[in-house]
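**Q** Below are the chains, spelled out letter by letter.
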Amino acid sequence: MNRIQKRLQEDKKILSIYFTAGYPRLEDTVGIIESLEKHGVDLVEIGLPFSDPLADGPTIQESSTKALKNGMTTEKLFSQLQEIREKVSIPLIIMGYFNPVLQYGVEEFCKKCQEIGIDGLILPDLPLREYQLQYKDIFEAHGLLNIFLITPQTSQERIREIDAASEGFLYLVSSASTTGAKTGFGQEQEDYFKRVAAMKLRNPQIAGFGISNAETFAQATRHTHGAIIGSAFIKHLTENGASSAGEFIKRIR
Amino acid sequence: MTYNVDENGYYGEFGGAYIPEMLYPNTEEIRQQYIRIMEDPAFEKEFNELLRDYVGRPTPLYYAARLSEHVGARIYLKREDLCHTGAHKVNNTIGQILLAKRLGKNRIIAETGAGQHGVATATVCALMGMECIVYMGAVDIERQAPNVARMKMLGATVRAANSGSRTLKDATNEAIRDWINNPVDTHYIIGSVVGPHPYPDMVARFQSVISAEIKSQLQEKEGRSQPDFVVACVGGGSNAAGAYYHYLDDTEVGLIAVEAAGKGVDSGESAATSYLGKTGIIHGSKTLLMQTADGQITEPYSISAGLDYPGVGPMHAHLYASGRGEFISITDDEAMEAGRLLAKLEGIIPAIETAHAFAIFDKRKFKKDDLVVINLSGRGDKDLQTYIDYFKL
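Going line by line, the protein sequences match chains C and P.
In terms of the UniProt record's numbering, the first sequence is residues 1 to 253.
In terms of the UniProt record's numbering, the second sequence is residues 1 to 393.
Calculated from the structure, these hints are not laboratory results.
Among the hints, erroneous ones may be present.
Quick list of the computed label-pair ranges, beta carbon to beta carbon [as the list claims (entries may be wrong)]:
hint	chain 1	residue 1	chain 2	residue 2	range
1	C	ASP137	P	LYS263	43 to 49 Å
2	P	MET128	C	GLN156	30 to 36 Å
3	P	GLU39	C	SER89	57 to 63 Å
4	C	GLU157	P	ALA212	34 to 40 Å
5	P	MET1	C	LYS136	27 to 33 Å
6	P	GLU49	C	GLU157	47 to 53 Å
7	C	GLU157	P	TYR63	40 to 46 Å
8	P	THR251	C	LYS136	51 to 57 Å
If you're wondering where the values come from, they're calculated on a predicted model, not measured in any experiment.
Glycine included, C-beta positions come from ideal geometry on N, C-alpha and C.
Could you put together the complete structure from these sequences and hints?
**A** Here is the structure:
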């Protein structure tokens, strides 16, 4: 069983943190991961920066641009993570856009992830259809879970289809938006989370987008198995530096 | 063998729909409906009437006698520059606004480079009384000021894209982000044969009126419907797609695509995608793309805002990779001189994008009786300031 699946069997609400690799400084990546594990985070999404992050708002756009300026590349990230499994046992996901993966070579990329001990990938612009047509076998051969997104506009039928094709969890995008665009939840999100929960899907659901503090974390996890914080954590790093990662987590739980 | 799109949305290995789930419901709705809507007789009637009475179609196919003599070939110009709003772009925006109405949308977004697609979108939104928001790179807002004013006059909101190189690619990113944030009431009118399936095919179909007319006009004038060559400039590639469309599988007709080399293909300031690009993903499509070895999209450059794009439509990527299309790249200087030449020989000032297509004759020789159709995709009014600065007029 994959580390992500094991973690999801524990009886607790999952706190997942996204950060951009190579930000604020190029060599901050490993330190941030260690600090997140130490402070009780359950799952880490390591952002592989991309020049044109379509699904992201200004915060992640800016951290990606800065990380690339700092010199972050796919090869550099793999070399930083080379010995990560001697340091942490927390489930690790690489999240990014598909083009850098395609250029690295999908097979080669997956092989490298397996060697390092990466547990899954989230590639928002590699949708179900293209994944199944061309890449599914490669991911599976290297023990990588591919995590798909669903949104408030995703039909019941498609949710079932994505659930059937997923192993791990479903990434529940809380509202129609790019990352970091909205904070807080209203009745609409609550109804959406409940509606998905009532479907009794195979995979647990973890909510993302719009979660920034203890209050929104509690709201987001009332009807889900966990929640992901991205932009708010990156803003915190921008203001306080990588060494302050733990302080942010302490305020969430 | 076909050079058209297949049932999965691919042209050879290029195309597809590489989009985040947030965009899936909208693109899927269009995918399921666009053929049915376009083939509906009521839609066809409305579309064709607007093209005739509002756009001014058919546009003339004009035998350019002085240019022909100068070049040493028989050259016809397809006068898309005479379309309402000054370029071929309006063919597509008329089609898409009618589609948007049938999909029940009431808010329109668009990206624009040179501003021609922005103007064409603002125009049809005014015509239909719909809200219109156009994203445009901050750099392009500077160099295409008359078109910005035109869009505002037409009631559109122009929003500056300030990320990246602040040109067409970045305007497209911002438009896509807007669509993610407004998934229910908004239709995104993409201006070229780029983006996720079915956009490249849908836009090509709306632009295919260009080659449909060339066929019948050439038949009338020459007693044959096939030219030897069709020449068009390619940024994303919508005017080329329209001019090629009915000749794609007719391999006796040579298809010549002219790309912007900027300051030279190897200068580091270029937009010659076929020469500089490798297979990659941009704006939801797998296509040829200018990028670093690490898969980061590189910033293109061209004097012409409409060609300043690091990708190319998947149809064109396939024409290039398969050898069906012949690709030629033209520098800023060559294009500017060709624009002046056309003005002097034929009394037509072309858009700088279009001028690239007229600059191939030093590099590509034709036989005296070759029948060459050049798609004169847009007029140069919007580029007057650039011409003034360049030639010190």
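**Q** Does each hint hold? Answer for all of them.
**A** Results for each hint:
Checked against the hint of 43 to 49 Å, the C-beta distance between ASP137(C) and LYS263(P) comes to roughly 44 Å, which is consistent with it. Take MET128(P) and GLN156(C): their Cβ atoms lie about 33 Å apart, and the range 30 to 36 Å holds. A C-beta distance of roughly 58 Å is found between GLU39(P) and SER89(C), which places it inside the suggested range of 57 to 63 Å. In this structure the supplied range 34 to 40 Å holds for GLU157(C) paired with ALA212(P), their Cβ-Cβ distance being about 38 Å.
Checked against the given bound of 27 to 33 Å, the beta carbons of MET1(P) and LYS136(C), roughly 29 Å apart, stay inside it. As the Cβ distance of GLU49(P) to GLU157(C) is approximately 38 Å, the hint placing it in 47 to 53 Å is violated. Our hint of 40 to 46 Å for GLU157(C) and TYR63(P) is violated, since their Cβ atoms are close to 56 Å apart. Taken as a hint, the range 51 to 57 Å is violated for the pair THR251(P) and LYS136(C), whose Cβ atoms sit roughly 36 Å apart.
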